[in-house]
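Chemist: The chain contents come next:
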Amino acid sequence: MIEVRDLQKSYGDLVAVNQVSFSAGAGTVFGLLGPNGAGKSTTISCLSGLLKPTAGSIRVGGFDISSEALKAKAGLGIVPQELAIYEDLSARENLAYWGAAYGLKGDKLKQRVDHVLGRIGLADRAGDLPKTYSGGMKRRLNFGCGLVHEPAILLLDEPTVGVDPQSREHLFELVREEKAKGTCVLYTTHYMEEAEKLCDELAIIDHGKIIASGTLKELRAEFGGNDIIQLSGSFEPARAEQAVTELNGEVLSLDTDTLMIAIRDGARNLPAILQGISATGADIHDTRLSEPNLESLFLKLTGTDLRA
Amino acid sequence: MRFIFVTVRKELKRRFNDPGGLISSIMIPFAIGFLIVSVMGGGSGASIKAGLLITDLDDSFISQGILSALGQDQVADMILLEKVSLDEGDRRINEGDGSGHLVIPQGFGKAWLDREEIALQLTVNPSQSVSPRLIREMLESLLDLGDYLHKVFGGELKIISQSLESNELVGISTADFSTNITDKVSGITGLVFPPVMEVEDVTPQPEGSSFSMGLLMFPGILIMAAFFAANGQSSNFWTEKEKGTLGRWVASPNAFSAFWVAQWFTAMLLTAIVAAPIMLMGFFYFDVSFEKYFTSLAWLALTGPVLFALLSLIQVLAPSRKAGSVISTLIMFPLLMVGGSFFPTETMPKFIVSIAQYTPNGRVVEPLKGYLTGEYGSSGMFSEIWGILLVTLLLVLLTGALSARKALV
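For the record, the sequence lines run as chains V and P. Its first residue numbered 1, the first sequence is counted upward by one per residue in the numbering used here. Its first residue numbered 1001, the second sequence is counted upward by one per residue in the numbering used here.
Don't take every hint at face value.
Think about it this way: if two alpha-carbon atoms lie no more than 25 angstroms apart in a straight line, the pair counts; the simulated SDA-like pairs of lysine to any residue are [to be verified]:
| no. | chain 1 | residue 1 | chain 2 | residue 2 |
| --- | --- | --- | --- | --- |
| 1 | P | K1241 | V | K179 |
| 2 | P | K1243 | V | E150 |
| 3 | V | K105 | P | V1008 |
| 4 | V | K131 | P | V1008 |
| 5 | V | K71 | P | F1153 |
| 6 | V | K71 | V | K179 |
Don't read these hints as lab results, they were simulated from the structure.
Pulled out of the complex, with its shape left as it was, chain P reads as follows (with noise of 0.2 angstroms):
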């Protein structure tokens, strides 16, 4: 275990020893990630839009009012709507095309102004993170906003409920159920429309109800970090095999697998050596909370290794330097590019994002954004570590093993 300590320290003063590469090393996914925000229109610019198929099978005034509000301003800024049949809209989510499908039933508009018990219908696209929280919100505060009318007008919807099948107002006349409502409404006109005041002109930034395109590719700047971080440390392998310090070090009286763990962990310090000023230059320029600072540095530290495992196994398996470094250049890109890493996934056709949670970058980045975005707790986003380095650990293990069988013995 000492060994693995001291090896950690020394790969580490290496490093140090090399501020060039250390300081590319930040500078280069910063870059990237700069450059790809700006073209795709700023870090507050492009807004991302959640497609909600609805099938509306009550047809009524109160499913048609759902329908308008959610097309209403500042909700239409966020979200497109579609009416779809339900067939289509079936097909559609199941394949991935929308981020919702929201079905209101049959009897939906009567039953709400009974206050009987009913159902809406929403289906989201998984291989969504953000779109179908927008959704789920918004529908949420439309049914509070119901359960609010209920609380004001209860008297005057039991009234429009008892008409509809008549068509005029039932025990009531037009003139007094108008006069009721509006005395309402005067009633709690000082609660709903407070008073003038003035105000500071601050801009609104109501947590998880708008997302920049910059803060979704926040964290894959940050995995971006992780991979040249990654990178590094797994063509190590080469370095230490051609100076023949590999061979010195196979010669000492210390397990073999103690070197790929220091290498490891070493990875993992890299990490968030790199990633933290990254993620300090983020938190502070998509207004982030600092709150999730080091709790998010140390998702990234601890999974974002995972590269570092399976570019450590790319390299053993490779023949040569080169041939390591050729290899690993055409399976990280892509991977980068698939697991939302240059592009978020919500910008990504669907057959991409149905890849991108099978990769290992895409296990990193979209817990990340969740967290970052407001989607999860820290414990949602930690929720699913133990399957990351459990996945990192046996591909370190494996990687031991045929360095071992391949290039000593």
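Looking at chain V on its own, in the form it has when it is part of the complex (with noise of 0.2 angstroms):
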């Protein structure tokens, strides 16, 4: 439902997009993880016809974009990452207006406008201004905004940023419903857990570039079979990288407070591990292991953190 191929937005010397492709199809949640400037908006903003690629070819739902705007628009349901609401006008008039402006109309207009209502849980406050909502309550009026035309397409951008735990969780709810209809979902997050818990194919962007993309078990066969083990207490980084690389682990990440290392069987290697390092004079505090995960594959491939 959603083809990227060579994808390139650039502004002068900028490069903001560059050579990225992917697809997603019906009833799936691809999602863009990436630092934020990494270039994940402007490939949704591509992709939504609000920026005109300078290079590349994008289809949605079979029409390309730039040629067909009008037709490959009509499928497609936005989600910006900004409150992209009418802050004067009551729930369901936003609801009503967006609808209308997909073609919707009558009854059905009205049905649809209920419908979401209900599913975004502001029903019983519909008829009020959103300038009287929590934070919460316009994330899910904006999120209800992009589906109330029941589109085959839904581009979310960073839909969470801001959202209180509880609202959150409803947006998941939401992301999962629309999946489970057959809707094409493309999530763009810089939270890893979010991609984790939603995404059924994932690409990992970087300076505006596709470093890693697959189902999450393939980007974590990545590590082939390592384990991530995680410490914080007080290093010395060039004893430590040493004893790490004497006990065949790979350092990911190391200053003078934490310490994380990818090494194959973590837990039998676990007790070697801390004797080795101890060895070189750190004061260890806390240990944590675990399966690797898409910050450790961030790490991993970047050598830095996810900026947040």
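Each chain sits in its own coordinate frame; assemble them with the hints.
Modeler: Structure (structure tokens):
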């Protein structure tokens, strides 16, 4: 349903998105994971026709977003990162307007508005102006405006930024429901746990380029079965790194306070690791053993933390 | 097309959900107008005087009679006469100094006495609307009077004509001549001087003969209402852009130009909504016939949004909302001043008046003023509407093209 090939978007000399390619089908949630400024929102803006790509092609629902813009846009639902709602219109009026913008009218429009109001949990506040809402309620309304016309493809650009945990879970549930209905969802986030919870497929993007992509299982395989050990305390970085190398481990990150290691059979090797690192003069306060996750993968791929 | 309608409805709902903003849009121009009218002497106070330059090439007792008639009593309250040479009169009216220049040609008096064809030459200042009309009407009244004089005293006037060269009456004694005139005056006294009767004390308001300062300012107050409606609607571009709703809008399957057309139509309706109560009060206060109410409102609603189109273009060209606001203020307030929206053109120096006719608000105000003061009928007022609508449409389309290119791509 979404097919992006060699997408490039430049602003003068600045290349915001560089040779990005991916595809996503119906009934899947495709995640674009990356730090702020990585190029996620630019990619979504190109997909929704807000930005004109410098190069490459985008097909949405079988239509080229540049040459068949109106047809392509008809099947799209957008949930922008900012709250793109009218604060001086009630929730019902907001939903009715955006539904009408996509051609809904009469009873069908009314039914959809009522249905969406129920789904986003605002039925009892439907007549109130959003300026009286909490941040989470506004987020949910922002979400509802994107799906009131039952789009086949839903573009969610960091939909949970600034949202309380309860509303976040509510939004996750909405995404899962859309997926179950067969909607193709493109979900951008810089929260690892969201991507891990929701996405069937992922592309990790940094500095405008996709640096890894695949299912979560495929991405974890990048570690070749290694486990992740995270140590907190005080370290002498040079000596600690040498000790890890002697133990056949890989340093993912290291400073004077924390050390993250990728190593095979982490549980079995943990005593030897603790002994080896302590022998370098390190004072270890805390130890965590885990399976590889997206955060450690990002660290491994880029050498830096995922910048929030 | 349906989307335009839906968007206009949405915009109106937004405005009605903010009644404070709507009410202030109505009250501010009304308050400004009230203050200016009060400062300048009130609605029924100061009257405008038409400056009439007269070149008397005839210098006969007939031509002097015309000068005398134009300089008497109530006429003198409306027309300020100044005798000038032909060259000076031509020069000054061409410079816009004066409301009109009347040339009484040599031989006019003799020709009038003999009922021969001869023309008075009147050149009026095209940048003024009311004063030239005053002069024209006054002259037409005088010519009508002359025609009646011929009908009543035709024989006597012929004798006067024949006697001009000899300086004495030809073929009739002075006594008989006087008797004839007295008899005729007595005969028509009943018609000219009707019996004294008790009349109700009313303030005479002969239409078109006297215009108060307030009435001349009234169209300017209305265009201020249009300006306030336009200003709010044009800055909506930034509100939608900052809120992200413009982006959501562009991502919808609708042509971008539809957004601006919807804003234009909204500006029309808002202008009507804001101007309607002000117009109602003004019609009542200035005693303008309510038959003209809806026509005037329609004119303002259709043409006033030319200001919206201009302001929108400024907003779209500006790099930020703040810059847009500053530039709009820098451009629009001088335009409102020069274009006769704060002060009527009748009170302005001639060089500003010559500029006023090229301002968009001047194009809206002057026909409306002419209509309200009775100079034009509605067809006269609407004769220029296509030009204004065309300019508005072009500005809206240009704004749409620039905003699509600049703000989104």
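Chemist: Now tell me, hint by hint, if it's right for this structure.
Modeler: Hint check:
1. P:K1241 / V:K179: Since the Cα atoms of P:K1241 and V:K179 sit roughly 30 angstroms apart, the hinted pair is violated (cutoff 25 angstroms).
2. P:K1243 / V:E150: Holds, at roughly 23 angstroms.
3. V:K105 / P:V1008: holds, 16 angstroms
4. V:K131 / P:V1008: holds, 22 angstroms
5. V:K71 / P:F1153: Judged against 25 angstroms, a Cα distance of about 86 angstroms means the pair is violated.
6. V:K71 / V:K179: holds, 22 angstroms
Of the numbered hints listed earlier, those contradicted by the structure are 1, 5.
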